Amino acid sequence: MRRQHTLPVFIAIMLLAACEKEIPIDTKHITPQVVVSSHASAGNETECFLSMSVPIYGNHDYNSQHMPVDNASALLLINGVPSTAPVTHSDGIYHLGYTAQPGDHLSLQIDAPGHKTLTASTDIPSMPVVTNAIIADSNTLDPYCNYTLHFSLTDNAADTDYYSIQLIQYRTITRTYDDTHTEVINECLPTIFSCSDFLIVEPTGLDSFLDQPSPNGTQFSGEELLFSDAGINGTTHAIELQTIIYIPHEEGEATGYTWIDHRRPALTVTHLSRDEYLYRKSMQAYIANPLTSFFAEPVPIHSNIIGGYGIFAGYSSYTTEFLAQ
Amino acid sequence: MFPVGLIAQTISGTVTDASTGETLIGATILDETTGKGTTTNAHGHFSLTLKGDSATLRISYIGYQTRHQAMSLLGNRQLNVALHPSVELQEVTVTAERIGSPQASQMSVIDVPVEQLKLVPVIFGETDVLKALQLLPGVQGGTEGMSGIYVRGGGPDENLFLLDGVPLYNVNHLGGFFSAFNGDAIKNVTLYKGSFPARFSGRISSVLDITANNGNDREWHGGASIGVLSAKLNVEGPIVKEKTTLSLSLRRTYGDLLMQPFIMMVAASATEGENTANAGYYFYDFNAKVTHKFNDRSRIYATFYSGDDRVYMRVKTMESMEYGTESLKLGYYWGNMVTAIRWNYELSPKLFMNATGSFTRYRQRLGIGLKEEWYDSGQLYSYSADVNLNSGISDISGRVDFDYAPSPDHTVKFGGLLTHHIFTPEVQTVSSNGTDEAPFSQRIGESRVHAEELSLYAEDDWSITDAFKVNGGLALTGFAVQKRFYPSVQPRLSGRFLITDDLSFKAGYSYMTQYMHLLSNSNISLPSDLWVPVTARIQPMNSHQVAAGVFYTWRSLIDFSVEGYYKWMNNLLEYKPGASFLGSSQGWEDKVCMGRGWAYGLEFLAQKTFGAITGWVGYTWSRTLRQFDQPGEELNGGRVFPAKYDRIHDISITLQYKPGKDFDAGITWVYSTGNTATLAMQRIEDPDHGTLNFVDSRNNFRLPAYHRMDISVNFHKQKKYGVRTWNISVYNLYNRQNPFIIYPKTTYHGTTQTTSLMQRSLFPILPSVAYIYKF
Chain G
928 MRRQHTLPVF IAIMLLAACE KEIPIDTKHI TPQVVVSSHA SAGNETECFL
978 SMSVPIYGNH DYNSQHMPVD NASALLLING VPSTAPVTHS DGIYHLGYTA
1028 QPGDHLSLQI DAPGHKTLTA STDIPSMPVV TNAIIADSNT LDPYCNYTLH
1078 FSLTDNAADT DYYSIQLIQY RTITRTYDDT HTEVINECLP TIFSCSDFLI
1128 VEPTGLDSFL DQPSPNGTQF SGEELLFSDA GINGTTHAIE LQTIIYIPHE
1178 EGEATGYTWI DHRRPALTVT HLSRDEYLYR KSMQAYIANP LTSFFAEPVP
1228 IHSNIIGGYG IFAGYSSYTT EFLAQ
Chain U
6 MFPVGLIAQT ISGTVTDAST GETLIGATIL DETTGKGTTT NAHGHFSLTL
56 KGDSATLRIS YIGYQTRHQA MSLLGNRQLN VALHPSVELQ EVTVTAERIG
106 SPQASQMSVI DVPVEQLKLV PVIFGETDVL KALQLLPGVQ GGTEGMSGIY
156 VRGGGPDENL FLLDGVPLYN VNHLGGFFSA FNGDAIKNVT LYKGSFPARF
206 SGRISSVLDI TANNGNDREW HGGASIGVLS AKLNVEGPIV KEKTTLSLSL
256 RRTYGDLLMQ PFIMMVAASA TEGENTANAG YYFYDFNAKV THKFNDRSRI
306 YATFYSGDDR VYMRVKTMES MEYGTESLKL GYYWGNMVTA IRWNYELSPK
356 LFMNATGSFT RYRQRLGIGL KEEWYDSGQL YSYSADVNLN SGISDISGRV
406 DFDYAPSPDH TVKFGGLLTH HIFTPEVQTV SSNGTDEAPF SQRIGESRVH
456 AEELSLYAED DWSITDAFKV NGGLALTGFA VQKRFYPSVQ PRLSGRFLIT
506 DDLSFKAGYS YMTQYMHLLS NSNISLPSDL WVPVTARIQP MNSHQVAAGV
556 FYTWRSLIDF SVEGYYKWMN NLLEYKPGAS FLGSSQGWED KVCMGRGWAY
606 GLEFLAQKTF GAITGWVGYT WSRTLRQFDQ PGEELNGGRV FPAKYDRIHD
656 ISITLQYKPG KDFDAGITWV YSTGNTATLA MQRIEDPDHG TLNFVDSRNN
706 FRLPAYHRMD ISVNFHKQKK YGVRTWNISV YNLYNRQNPF IIYPKTTYHG
756 TTQTTSLMQR SLFPILPSVA YIYKF
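Note that the protein sequences, when read in sequence, are chains G and U. Here the first sequence is numbered in this note's numbering, starting from 928 and rising by one per residue. Here the second sequence is numbered in this note's numbering, starting from 6 and rising by one per residue.
Hints were generated in silico from the structure; no laboratory data involved. Quantities reported herein were computed from a predicted structural model and do not represent experimental measurements. Please note: incorrect hints may appear among the correct ones.
As the list claims (entries may be wrong) - Derived list of chain G stretches under chain U, where covered just means 3 residues or more per stretch with a C-beta under 8 Å from a C-beta of chain U:
(1) 1032–1044
(2) 1145–1156
(3) 1180–1193
(4) 1228–1234
Positions of the beta carbon are idealized from the N, C-alpha and C atoms, including for glycine.
Can you make the complete structure from the sequences, with help from the hints?
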């Protein structure tokens, strides 16, 4: 009787225990890497931030995570010529002493003790050619207004170009304290807009607010529209954006001070290097889905650093403030 | 007037099993005088044109006694041959153009006898054709235990599954753990991995051509079996002896029937009899085939297949008479239905026709219904609401195929296929009705998409010399959808150079186009997977494949082959980072991007198909890569990355031992490089976005290698009315913990966190037993 029961019990235990068993997989070969974060924009000094990656698997102390790298040497090459500008650094931020210009080809070389040399290169694209930027208030419900924005973008036919469109609001708050002194606060607020131009909209495929499929294509809705020139190559293309912007111009009085809140909508069109475009695309997908859904495709973050992780990519931005019609 | 011997005469007819009347596919008919020969087609028919006064034919088939037939060639001759199963297997001589042999001009094709496939040990003792095919070189399974196949770097939706010539869209049961093909209903299985004959089109990676049993035309036979998961019943026999036959097979899982009383009892006891509940899951297959032989030149076949998976739940809450009752019903079912009528007719000794009309349907339906009834002031009130979700694909097809043997050196096949596809990507209906409410009904979702697919083909198996033979063909296909037409011209060519009678060199090229995609982004086969057609944005997939190999038969006992292949694939789909299809196909075109892929590899096979010990040893070295680098369609930064099922090494050893009638046994061992997965291995600090889980590239992690061993033994005993068999099998004999899913697990100790990468295995050692009775 006892033997008769032993076999099914043994089989049941084997079935359940084996299905539930969790087995560690050896991940010891994953070592910390130097991470470069550098976005070189035309007209601004080129900087890079160096830090150490932290392997996800294994034992880690919160206090020692993501240490900035302060003992590295950074060398910038401009069109193949090493920069002679002095490099200063603090807290992992390396000021490379060079203001990037459109048309530059920049190379970055990082030597950090204990790691092989990291290299990366990028082009600084030409300034985007934006013309005829106007904004029209189509439905005034102050202070919230439906706005239609128009502008033209001229694309170079020679290469594959990548662009970013952003709408921002410059906000200036001026506080005057008892007529004795004035404080000015400037902010830059990203603004959600939509675009139904199927020649430039690249659907992201994310289950978020970004894409709205329609019978004719996909309407973009978000804070940054990233696209290649595949649909507009070599043309001057008229682009229309829709947005709802809260644009008060208010004055008021509070205890001890008076204030003025002034906002101005602005358009930023950025000509991106391919690596900058791929990085921004990957970040857009990452933010929408940071590796948490079992059924969603994981999101690799674009990296172009040889010998390490991170990004070294260039761009040129053109920003214009709109004058409402 | 010409002398008789100078005029070619044609011998045509059918080769059948002498004991059952089943037609034999791929039987060899060889004229020993001239060395000219042919094989029977998918309907058991052959046509052989010879010159001379007489011929001495040798008719052979694996597992059957070879028959010699001398005949004069005074005119065209009709020859119907019935072969007897071989008692002494060693007596069998394998010659001429058996599929996969050195003599055949076709390469990259595997023909494994169904009886041998049935001996392959599989999970829960269920005979499974697809899982057995996973053991062959160039064919890989997906995730542990799944019956999906990945052929030479292709995806699971790139395989054309044909049941009696009719496509099946969903070949899985129970999420893919079992295939839809009931081994008892199958007569023949042929898998084409490359060098596709022109008569096949519509998928870019493989064609699995399955022929169902016709049924015994002499006497009634049948069988029943019961295993751990399912029970099966099959009968076959003559409705009119040697004229009309019937074959029926039924398989159903029965776990839900056993569980029902317990579920009802638990629901009732937990609520003191107020509630009733019932729930369960089952799948079934039903195969039926009627064959009628009008005469030696004309036969008609009617095939029916239906297979569904069904999940159901019913809950009824009985409250007081004052408050009334509330009931909830949920039903979820998905599956295929196939009907086909085929007519074979020998128009002349040289010209054979097969005409097919068919309907195939795959659909899934989710229904949820709520009904409430209550009393108020003595009056009965009610409210009901229903939600239904439907999706699927239906095909109505007409097809005609001709086999034409104009001379001993040519076997020509030509024909055409016209299919009307009806895609139902996703349709929801919501309705409600109540005593105090107006009826409400709304339909949500995309309407049906209609498409036409046309295929015309011609191919010739041409013996240029005794040693050199080619099979060349052309398929012209087109797909019309949403006012667009996608044409495709697909050349096919394969050739054989016979170095000796036992040794040959073969090479082939084929171009294939596929006009539909399967949307799925899980590792397992889910009923929510949806078939969608190509559109104005999503272009048809296509592949170019070249292959070459050496084939050798050792003493007519063991076939050896070494094949190399290289495949280019275009317009492949991958899901965009972060995209998910679960539960919805809305905007699916936005969630995928198109790119290209490569697959290349070497396949080694040694196969012994008869004798007391049979089986095969296979090894595949292969790589499968992808690149998506078009602007706006970049994946992995436009860099090349390995496909999910890029397995570099794949080994399988399958042996069966059948010393006599009372006992047989099988053993299988498989090993393959682990799948790839996309994992964040490090965290990085981004000044603008904070801490990120960093994935450096797609499919950047290689899972541990997969291996396991299975065994199976059968004990047969002759009983008064038939043969009883006990089948005992053990899956994963040494309890290998193969990864099914992997995931990170983090524990915290003060300021320290420890994260481990864990794997969960699905199937440990699984013994099973089945009882089979055949009469």
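List in ascending order the numbers of the hints, as given earlier, that are violated by the structure. Violated hints: 1, 3; rest satisfied.
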